[in-house]
Every structure is written in C-alpha cells, then in structure tokens.
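K.L.:
Given next are the chains, with one letter for each unit.
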Amino acid sequence: MIQNHKELTARTFVDVHAIQEELDQVRWGLHADGGGSEAAQHAAAEARASVCNLIAVVGNEPELGAISSVLDRLSITNPSRTLILLAQHTREADKLEAEVSAQERTESGHRVTTERVVLHAHGEPARHLASLAAPLLIPDLPVVLWWPGRPDFDSPLFNDLCELADRLIVDTDEGFDETDLTRLLGVARRKTARASIGDLNWARLMAWRHTAAQFFDMPGMLARLAHIHGVSIFHGSDGSTAQARLLGGWLRSRMATVGIDVPLELRPDDSHEHGVCRFLIYTGGDEGIARFSLKRLRGNRLLTQIRLGDQDLSPRTVRLESRAAEELLGFELTLPGHDVLFEQALDAALR
Amino acid sequence: MAQAVTTPITQNILRDGLILPRTPDPAAMVIFGASGDLTARKLMPALYNLALNRYLPSGFSVIGVADTAISEDEFRSRVADAVQKFSRTQPVDRAVWQSVAEGISFVRMPFDDDGEGYRRLAAELDRVDRERGTNGNRVFYLATAPQFFSVIIERLGASGIAKAGEGWKRVVIEKPFGNDLKSAQALNQAIHTVFTEQQIFRIDHYLGKETVQNVLVFRFANGIFEPIWNRRYVDHVQITVAEDIGIERRGKYYEGSGALRDIFQNHLMQLLSIAAMEAPPNFDADSVRDEKVKVLKSIHPIDVATDVVRGQYGPGWVGGQEVPGYRQELNVSPASNTETFVAVRLKIDNWRWADTPFYLRTGKRLPSRASEIAIQFKNPPHLPFAKTAVEELTPNWLVMRIQPHEGASLKIAAKIPGPVMRLRTVNMDFFYGSSFMVESPDAYERLVLDCLLGDATLFAREDEVERAWALVDRIEAGWASQPPPAFPSYAAGTWGPPEADALIDQAGRRWRRP
Chain A
157 MIQNHKELTA RTFVDVHAIQ EELDQVRWGL HADGGGSEAA QHAAAEARAS
207 VCNLIAVVGN EPELGAISSV LDRLSITNPS RTLILLAQHT READKLEAEV
257 SAQERTESGH RVTTERVVLH AHGEPARHLA SLAAPLLIPD LPVVLWWPGR
307 PDFDSPLFND LCELADRLIV DTDEGFDETD LTRLLGVARR KTARASIGDL
357 NWARLMAWRH TAAQFFDMPG MLARLAHIHG VSIFHGSDGS TAQARLLGGW
407 LRSRMATVGI DVPLELRPDD SHEHGVCRFL IYTGGDEGIA RFSLKRLRGN
457 RLLTQIRLGD QDLSPRTVRL ESRAAEELLG FELTLPGHDV LFEQALDAAL
507 R
Chain B
7 MAQAVTTPIT QNILRDGLIL PRTPDPAAMV IFGASGDLTA RKLMPALYNL
57 ALNRYLPSGF SVIGVADTAI SEDEFRSRVA DAVQKFSRTQ PVDRAVWQSV
107 AEGISFVRMP FDDDGEGYRR LAAELDRVDR ERGTNGNRVF YLATAPQFFS
157 VIIERLGASG IAKAGEGWKR VVIEKPFGND LKSAQALNQA IHTVFTEQQI
207 FRIDHYLGKE TVQNVLVFRF ANGIFEPIWN RRYVDHVQIT VAEDIGIERR
257 GKYYEGSGAL RDIFQNHLMQ LLSIAAMEAP PNFDADSVRD EKVKVLKSIH
307 PIDVATDVVR GQYGPGWVGG QEVPGYRQEL NVSPASNTET FVAVRLKIDN
357 WRWADTPFYL RTGKRLPSRA SEIAIQFKNP PHLPFAKTAV EELTPNWLVM
407 RIQPHEGASL KIAAKIPGPV MRLRTVNMDF FYGSSFMVES PDAYERLVLD
457 CLLGDATLFA REDEVERAWA LVDRIEAGWA SQPPPAFPSY AAGTWGPPEA
507 DALIDQAGRR WRRP
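If you read the sequences in order, they're chains A and B.
Just so we're aligned, residue 157 is where the first sequence starts under our numbering, counting upward by one.
Just so we're aligned, residue 7 is where the second sequence starts under our numbering, counting upward by one.
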C-alpha cells in the first residue's frame, strides 16, 4: 500500500515553453539526481501513471489550498496531470504566474509520480487561460474539467474550457438553483463546446438509488413497479433542493421509459438540515397498496422498510457512505462518455 | 395522476445504469462448521462487508451449525468478535452489524446426527422463512473437514431439508473436493443424489481474486494479445504458485495432501485453464467452464518420469530466518516422503498450443511468495542490427502477476542511447494497485455473492474437478512405480530441487525468478 506521498519540486515559471520543459523534466525524473541519468529515466518511466488530464478552476486564492488538498488525495486513486487555474479578472495589471510541481508516492515498492501546474492569471491573461492550458495537456488522455463552485455559464473562460474538456464535473449542491440546473443541462445538449456532464451531488445519491432499486429486485416486487403512483422526498430544512430534485428526477425519468408519469412531492424535513432525508415510494394495483421507504439515520446509515398493506417486512440498516470530494470525483472519473441517466434525471427534475 | 402503462415492465428499470450487481433473493445461509476458523476468518467478515455495501437483501439470515457447546447468544458474540477482528473494513459499523446479527441463529448438533438435530434445523429454517421472508431460499455452506461432506449431504437429503417447499437450494463445498479421482467421483455421486449440478458451488478461492479475473479481461477485452497468444508466437508458458511459508500448523493435513493435492490440483489447474482457454462466447457459467474443461481434456498424456519433478524442503534460511526442514515440522513424520514442491511440464494438444510447453510449479519454503502466469514469446527470426545476435536478446516476456504486486509487465528490447546500436531490455509495467488504488473485495465476498445470485462462473464444475484429479492420479501412479525419493531435496529458501532446473533446461529454457 501507499508508503509515502511527498512533494518533489515546486518551481515558478511565466512562459508556456518553460512550463512545458519543466513538466517534461518532472515527468521523466530528470531532477531526481540533478543530471537525468539513464537510471533515473528508467526509474521514472517505470513509475509514470496518468489516467486523465484534470483541470480545476478555483475562484479565489483562499480556495486554492482546499482544492489542492482534494486533488492531492485524488491523485492517490487517479494519478493525473493536474492544472489548477486561478483567474482573477479584477486586477488591473496583466500578469501570469505558473508553478510546476510533482508529487511522488511509493506504492507496493514502486514509485509513482504525478505532475501539477498552478496557473494564476490576472487581467487579460485570465480570460485566455484555456489557451495556456491546452498545450500543457498530456496527449491521448481524456480532459476533465472540475468546476468546484457555481460556474459563470456566460464567461468565455467557462466556454473555452468546456470546449477543451471531454467532461465537465460540477457540484449542484453548491447552491445551484433551477436556472443553474437548466444551464447545466444546456451544456450537455449544445452543439459547440459540448462536454458530458457529471455532478458530485448525483454521485452522492448512488446509495439512495441502489437501495431503492433493490426493493424491486425482491421476489414478487417487480410487478409493483408498474403501479408506482406517487413519490415523496423529504429534504433538509436549509432550503437546498437540488439533491431531492435529482432523486425525484431519476425515478421519474426511469418510469417515463415505460410510459408512466409519477407525481413527485418535495417537502422539507425538520430533522435534518441538508440533503435528502427520506424517500417514500407508494404503489397500488392488483397486488395491493405498499410503501417502500428509505430513511437517513444518524451516523451515515440508511434504514430500509417495506410495508405491504398493514404488514411490515424485515427492516434493514445499510451504510450511507459520506464520501469526500476526492472520492466522488474519483467515481465520476471512472464513468465513460455521457452519463445519460444523469442527464435524463436532470431533465425530468426540471419538468 | 399515474398514467396507464404503455410498456410492460419485464426487468427492474430502476437498476439501469447502476454499476452494481443485482440484489440476491432473501435467503438463509446454513453454515456447517460455524464454530470453525473459516467461518470466523472469512465467511462472517465477507457477509458483514456484503451487508455494509448493500449487497445483501432484507431478511438475509445465517444459521450456524456446529457441535460446540455454546448458546445462540455466545455464537452471536463469537461471530461479532470475529468480524471485529478480521473484517477488511474497519471500524465495524455497529448498526449495520446489528442489522446482520438480528438474522443470525445457531443450531447445535453433530453433523452426522441421525434425526433430532436435522429436525431442529428444519424447524429453524421454517421459522426464518416465516419471520424473515426467506421463502425457502437456502445456501448450505459446508465449511467443515472434508470427511463430513458426504454425511451432511446425505442427512440434508434424508431430512427433506434440501428439497422442502418452494425456493432455491444451493450447496457450497470447500476444497479439497476429494482426495483422488475415485473419491471425487464418489463425492460427486453422493451430492448428486440430493443436488443437481446447477445447485453445486465448488469453491476455489483463487477464482474469486480480482487479478485472476483480470487475466480473462486482459486476454479477451484487448484486441492486441489474442492474435499472438498461440504456438506461432509463444515459446513457452510458466505458471508459478510459490509460497515462502512452510506448512505452519497444518502438518497433519499436509502429510495426506502434499503440494500436488494442495495447490497443483486446484489453483495451478485453474490458472492453466484461464491462461490457455479459448474465448468463451459470453461470460456465463457454462460457456466459461466449457472452455476451461476443453483445455484440461486437451492435456497430452504426461510421462511422469520425464515431465514431473517433486521435492521436499530441508532446513534452510528464508527471509533472513532459519527454518526447519519439512520432516522437522509439527505433526510430520521424520521419514515423510510427502512432496512440498512439484514442477510439471505439460503440453496441450490443440491447434492453438500444439508443441508449446507449459511449465507449472508450486512449492513451499521458496525464496518468495509469488503467483504469476508468464509467457515467453519467440525471438524475432532475424535482427538487422549487425553487432547484436538474435541469441543475445532477452526474449519478450508478458507476465501477469496474481500476487503480490498485482498487475502485468511486458519486457521489450530498446536501444541504449548512443552512436552504437546497442539493445537493452526494459519493462513496461502495469500495476493494478497504482491504477485502481481502491481496496479489492476479499475473494470470499465475491464468491458468496455469486452463489447467492446463482452465478457459478467462478466455481469449479464436476468435470473440471474430475479432469484435474485424473491428471493428479496419473502423477501419483507414476511416483508409486518409482523408487522412494531422496528427500529432502532442496534447502528452504531456494527455488526447488536441481531436477526442476533440469526439467526446463532440456530445451535451453530457464525458470523465471519471480
């Protein structure tokens, strides 16, 4: 397992060619012994590992530390070339700073090195950071754009980076309102600068979706799926509804594939402040009435219960993972192409 | 309001896009040997981790069976301690464990009980069906010593438990499955009087390992390997399961087993099958197992005198520690002729592999622990570089490492920088760990879940087991006709007896040092 994780070098540059040269040096381990010996090159080549180019956009300097920490931890499971872009349009003087560094860790006796570039631009260069990012990417690897806060959907930087990226990852839990969700869906559907979209908030719903689907894996329950006549979702009392909307949108979009329109009720729940708290599915039909319920418990657990008529089946307690940002990002990075289910859920959530 | 259904629902549409296995039916797992080591170290931790990750259905229940004087509460407490100690995920989530523990009960009885005990077991199963909705679905897990397999099966049949009522019934049997072809056939016959082949799940935990499954993915999900995976390009194949440990406290078992039965008959035969098999049309149980059996059927009859080497370790040094020889181990005869090392040269008589030797070896107290499939490719027929002879080149090797350092390496020639054309061999490495730095589930988690789902792909089929035993019997018969071996024949901490080197050296080849 991982034995260490350390910073190798950190040097500052202002010219794209100098950055590229430094990246090559870092990547092939030429700094390791100061001379770039054959042995050092061989060792570095053995240790090289990258699954993607990851571009993260940071809104301000205080965020930089937190985002860097997430990316540090992410590099353990998803070694990548990482570009962190900090664009500050408000400063008057044009300025561009770049810092190149490498992280090294040892896993099962083998050294793995990944590289990171922090690009800090002020003034006019801040609007054209995408042009600087493009030549710094490793060829033939997917480009993932992580936008940790609410994006400015109209900014040229956002659109340029979307054009560069194969995938855009946001977190709709960062205060996305209905307009933001609509704009986000638009990114996946537009003809130019179109990236597949991913959402950490959607990834957080995996356990809810999995457990809800399991209800209908049970013997005799599949027939009840066709008789879902209502869904209630209780969400935190802090007013954030994006997660509840997505969960409801997911169920509605799945049921729409068989021509069933499911009414959705969203309600605040005072017992929790944030996120989905309870998810209730009501069915009727020839099999009789039933209620399938998922309830978030303290300590990151889910309680699943089924009531058939007036009979309760064995309840079950399972883990509701509270995943850190790097874990959610890591999961999103494993998804190939468009996450059609998410896009359909988002679409249904907005209807 | 809900509209009328326009498309009939034939599958769980809420499962679309979920990258997770489907949920097993509610079931009761009856573990025979519930107070034993396997239950504590492997089965209960596996069940807990499956529950933790939402893979177990509501109502899933465990009924422990053992002839141990403990109460049900004591049994629950024991398995809770075991999960606490051996679960790969820590700390143990008390609420999730509590949810699992509510479905655990215990029936005390000897496995060969002739009536009362099995009646109590039947009554307990009825209660579980009634109260927890398991609907007659049952897994009978035989985590006992092999001598109890037949009697438990017979009692399950005689008591009606194995066939009663609705729901599916499955039986899981641990290795060793028999001791030779005759006993394996007898055991198969005994089981078949109660269970059909589709109900039988013979575990070889090697098949539950992620990296063993990855060999199949490596071969059949990449277009670049299969075209050269044959006699035209492959010089030979080496399959190694090496252990640096001795027999620990298993002297009694090992004296009756030896390396041939302990590792060769199962793990090595499984690795051989998946390395040499043809691509199955799909990944269902019979398609995969059909292809594996075809490999075993195609093994050319071996000449034990020339194709097999056995050895036994003497005292030596392993990992900087002085260790005793096999004959000095606990519960081992000082004159024992049990083999702790086997090397076998095999040929497979089919179009893909004709005349391509497969060298298999396994041993205890070797210098390091390593399981791997290594393929040596033939040298290029001609080298255009004047000062380098073809013979000077190190051949291309593709090595799939099962454990440790799971992954794959390709050894290739490259030019050494400089004005002179000089070649050197370099490795291209894929490390499973550094590419997917997530903790792999334990093999038992995968296999128990597959059994609950009724998927036997990663379990050995009757004909597979019997083919492997037939080969072992042939080797045993050959040894029986030879004079007693001069054991010990290799020092602990070395790579086996010199005869093993001679076995492979006949064609100018050498064993890899994994």
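Because the hints were derived from the structure by calculation, they are not lab data.
Keep in mind that the hints are not guaranteed to be accurate.
Far from chain B, some chain A residues (derived; all Cβ distances over 12 Å) [what the hints assert, rightly or not]:
| id | residue |
| --- | --- |
| 1 | 280 |
| 2 | 294 |
| 3 | 313 |
| 4 | 373 |
| 5 | 388 |
| 6 | 397 |
| 7 | 411 |
| 8 | 415 |
| 9 | 423 |
| 10 | 428 |
| 11 | 458 |
| 12 | 471 |
| 13 | 477 |
| 14 | 495 |
Taking beta-carbon pairs under 7 Å as the criterion, some of the chain B residues facing chain A (in silico) [to be verified]:
| id | residue |
| --- | --- |
| 15 | 13 |
| 16 | 21 |
| 17 | 60 |
Just so it is clear, the structure is predicted and the values come from calculations on it, not from any experiment.
Virtual Cβ for every residue (Gly too), placed ideally from N, Cα, C.
K.L.:
Examine each Cβ of chain B, and state whether all of them lie more than 12 Å from the Cβ of residue 415/A.
P.N.:
Residue 415/A is in fact no farther than 12 Å from some Cβ atom of chain B, at 3 Å.
K.L.:
Are all beta-carbon distances from residue 280/A to chain B longer than 12 Å?
P.N.:
40 Å, holds
K.L.:
Does the claim that residue 397/A lies outside the interface with chain B hold up, using a Cβ gap greater than 12 Å?
P.N.:
21 Å, holds
K.L.:
Does the interface hint hold: is residue 60/B within less than 7 Å of chain A, judged Cβ to Cβ?
P.N.:
With a minimum Cβ separation of about 5 Å from chain A (threshold 7 Å), the hint on residue 60/B holds.
K.L.:
So residue 458/A supposedly isn't at the interface. Is its beta-carbon more than 12 Å from every beta-carbon in chain B?
P.N.:
Violated, because the least Cβ-Cβ distance between residue 458/A and chain B comes to about 8 Å, which does not exceed 12 Å.
K.L.:
Over 12 Å to the closest beta carbon of chain B is the bar; see if residue 423/A clears it.
P.N.:
19 Å, holds
K.L.:
Determine whether the non-interface label on residue 477/A survives the test: each CB of chain B must be over 12 Å from its CB.
P.N.:
At roughly 9 Å from the nearest Cβ of chain B, residue 477/A sits no farther out than 12 Å, so the non-interface label is violated.
K.L.:
Just want to verify: residue 313/A was marked as not at the interface with chain B; is every Cβ pair farther apart than 12 Å?
P.N.:
Holds, because the least Cβ-Cβ distance between residue 313/A and chain B comes to about 32 Å, which exceeds 12 Å.
K.L.:
Quick one: work out the minimum CB distance from residue 471/A to chain B and report holds if it exceeds 12 Å, violated otherwise.
P.N.:
7 Å, violated
K.L.:
Is the interface hint for residue 21/B satisfied, with its Cβ closer than 7 Å to some Cβ of chain A?
P.N.:
Holds, because the Cβ-Cβ distance from residue 21/B to chain A comes to roughly 5 Å (cut-off 7 Å).
K.L.:
Does residue 495/A clear chain B by more than 12 Å, comparing its Cβ with all Cβ atoms of that chain?
P.N.:
8 Å, violated
K.L.:
Non-interface claim for residue 294/A: all C-beta distances to chain B beyond 12 Å?
P.N.:
Holds, because the least Cβ-Cβ distance between residue 294/A and chain B comes to about 15 Å, which exceeds 12 Å.
The earlier numbered hints that this structure contradicts are 4, 7, 8, 11, 12, 13 and 14.
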